[in-house]
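Trainee: Sequences and hints are given; from them, build the entire structure.
There are 2 protein chains.
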Amino acid sequence: MSKELIFGHQNPDTDAINAAKAYAYLQTKLGYDVEAVALGEPNDETKFVLDYFDEPAPRVITAAKPEVDSVMLVDHNEAQQSVSDIKDLTITHVVDHHKVGNFETEKPLFMLEEPLGCTSTIIYKLFLSENVEIPAKVAGLMLSAIISDTLLLQSPTTTDTDRKAVEALAKIADVDYKDYGIKMLKAGTNVDASSADELVDQDAKSFTMGGKNVRIDQINVVDLQDILKRTDEIKAAMQKASDANGFDLYLVLVTNVLDSNSALIVTGEPKTAVEKAFNGSLNDEGVMNLPDVVSRKKQVVPPLTEAFE
Amino acid sequence: MSKELIFGHQNPDTDAINAAKAYAYLQTKLGYDVEAVALGEPNDETKFVLDYFDEPAPRVITAAKPEVDSVMLVDHNEAQQSVSDIKDLTITHVVDHHKVGNFETEKPLFMLEEPLGCTSTIIYKLFLSENVEIPAKVAGLMLSAIISDTLLLQSPTTTDTDRKAVEALAKIADVDYKDYGIKMLKAGTNVDASSADELVDQDAKSFTMGGKNVRIDQINVVDLQDILKRTDEIKAAMQKASDANGFDLYLVLVTNVLDSNSALIVTGEPKTAVEKAFNGSLNDEGVMNLPDVVSRKKQVVPPLTEAFE
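Here the protein sequences line up with chains A and B, keeping their order.
Residue numbering for the first sequence follows this note's numbering, beginning at 6 and increasing consecutively.
Residue numbering for the second sequence follows this note's numbering, beginning at 6 and increasing consecutively.
It is possible that part of the hints are untrue.
As the list claims (entries may be wrong) - Each pair of labels, with its calculated beta carbon distance range:
1) LYS281/A with LEU287/B: 50 to 58 Å
2) ASP165/A with ASP90/B: 29 to 37 Å
3) PHE115/A with ARG168/B: 12 to 20 Å
4) PRO161/A with VAL65/B: 35 to 43 Å
5) ALA62/A with LYS176/B: 49 to 57 Å
6) ILE187/B with PRO161/A: 51 to 59 Å
What the hints assert, rightly or not - Quick list of in silico lysine-lysine cross-link-like pairs, DSS-like style, CA-CA up to 27 Å:
7) LYS281/A with LYS112/B
8) LYS169/A with LYS112/B
9) LYS52/A with LYS130/A
10) LYS303/B with LYS281/B
FYI, nobody ran anything at the bench for these hints, they're computed from the structure.
In this text, a Cβ means the ideal position worked out from N, Cα and C, and glycines have one as well.
Mentor: Structure below.
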């Protein structure tokens, strides 16, 4: 069997990087020749996690075809969120928890999508069904990814399966997950040190809605003002990125991870779709409060997709 | 939870009907309100199976939206092989073993694709991982589907997982699977009683290749001459169906289920793609022998797709 690469989406978050690492461990045990890589550098939160569990950052690639013919995707399935040359590669495996977007293969593959809070929860279940023992370090990586994706089990994307996985993985990793989780989430919210260009791109994903190129970024903070005091600077960076990359509409979701509220900063058009989606009005600065919204996947993408129809 | 319908592809074969029935049994045990239906009448083979296990034929539907908002798909994922109003429905579950074609959802879903010989093999595995006991009748239905899809474990699509499932399910169903399997396959090959119109449509599936509308049917026989002696009549029926439905290229794969050889009857264009795909020539009648070819999915669709690129 020839070597395959495993990776999560562009602008990797903790799940994208750790799910790739955990799945690579599992697939190696099952006899595959694989390497976990990433489509970008780890963010501050992921750096904290890798440092805590004494795990190296994955090698960053920009194309896969020079190295391999086949790849395994975790935590994404849409081509525009994947490696640049995905169309030239055979996808043999997908493990993911997002909506499926225009996905197509030439041959049958292994593809497991589940509507759970985190890809690492699905991989935890695969460890169980394949009867493969989970080392403490791999448990810590999956635990961190679930804490990250569910904001310490507070996000509406959280399911009972995620909660059970967190309990079980915390035991294996020997970690007090609540204490560890708050430290980990705070480590990811140090926005002062980042430029506006970095902030609007760091966790951004592209979507096609009603023929428009829509970019949605999320920034986690412990105080919304950490970002909102820099709104002009942030909007200029969004505009610059849109001009350079042809984004029609750009949304930055600023989320307070401690009290589970968000604010939305919007540039581009159609802004009316955003106002329709969230049944509210953008203020003169292009900002809207979104109380109780924390999940891009569950609370932003579906209503916005619907508003475009 | 509101009711959902479960169904396999149009022109249902034994797996499309029995996988729907088995998955409906499993999902009901897991707390879902579901009904297994079909997108067409059972073929002769499936009738033999349902009769053998004293199981009623499923209700046939042509649209789902009048009854339900959400559906579960088995044994297919492509919209053109599904219910007519699939675009108006929410797909909550997919269990399938085919290539994925242009698949898209608005929300995360449960989707399990595995490169195994039969959807019922995947459903058998789900029974195991969900710890749900399999009744003898449900085991018999899944066993029949695997025998059908793998031509009694002879097709190159057959995996070790399919073989193990057949052994286990035959025990539960208390059936000598080899003896039963040959009777079942023969029951599906009584082509003399069918009109050419019926034969070319019975197991036909549509594909889009290189922008062309390609129709591929498969007819199982115990002697290729059963069909080849009717080539003119078959080709006329293919041409008629193409004129009525806008098929550009029509392939009928005639397969001898006893010795695992096939012949291909072709109408429409581009015939050159067919000759390129199978590295051979069509004779003056538009017929080509395909020794050792028995699987549309594994031995016809992939090379033809490639020939169109």
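Trainee: Kindly confirm whether 35 to 43 Å is satisfied by the beta carbon distance between PRO161/A and VAL65/B.
Mentor: About 39 Å separates the Cβ atoms of PRO161/A and VAL65/B, which means 35 to 43 Å holds.
Trainee: If I claimed the Cβ atoms of PHE115/A and ARG168/B lie 12 to 20 Å apart, would that claim hold in this structure?
Mentor: The hint (12 to 20 Å, Cβ to Cβ) holds, given that PHE115/A and ARG168/B are roughly 18 Å apart.
Trainee: So the hint says 29 to 37 Å: do the beta-carbon atoms of ASP165/A and ASP90/B match that?
Mentor: holds, 33 Å
Trainee: Is the distance from the Cβ of LYS281/A to the Cβ of LEU287/B consistent with 50 to 58 Å?
Mentor: Given a distance of about 56 Å, which is inside 50 to 58 Å, the answer is holds.
Trainee: With 49 to 57 Å as the target window, see if ALA62/A and LYS176/B comply at their CB atoms.
Mentor: For LYS176/B against ALA62/A, whose Cβ atoms are near 50 Å apart, the range 49 to 57 Å holds.
Trainee: Need the status of pair LYS169/A, LYS112/B: alpha-carbon distance at most 27 Å?
Mentor: Given pair LYS169/A, LYS112/B holds - Cα atoms ~23 Å apart, limit 27 Å.
Trainee: Below or equal to 27 Å on CA atoms is what counts here, so check LYS281/A against LYS112/B.
Mentor: Measuring from Cα to Cα gives roughly 19 Å; hence the hint holds.
Trainee: So if I understand the rule, the pair passes when the alpha-carbon distance is 27 Å or less; does LYS303/B with LYS281/B pass?
Mentor: Since the Cα atoms of LYS303/B and LYS281/B sit roughly 16 Å apart, the hinted pair holds (cutoff 27 Å).
Trainee: Between ILE187/B and PRO161/A, is the Cβ distance one that fits in 51 to 59 Å?
Mentor: Holds, at about 54 Å.
Trainee: Within 27 Å, alpha carbon to alpha carbon, are LYS52/A and LYS130/A?
Mentor: Within the cut-off at roughly 25 Å; holds.
In this structure, every one of the numbered hints holds.
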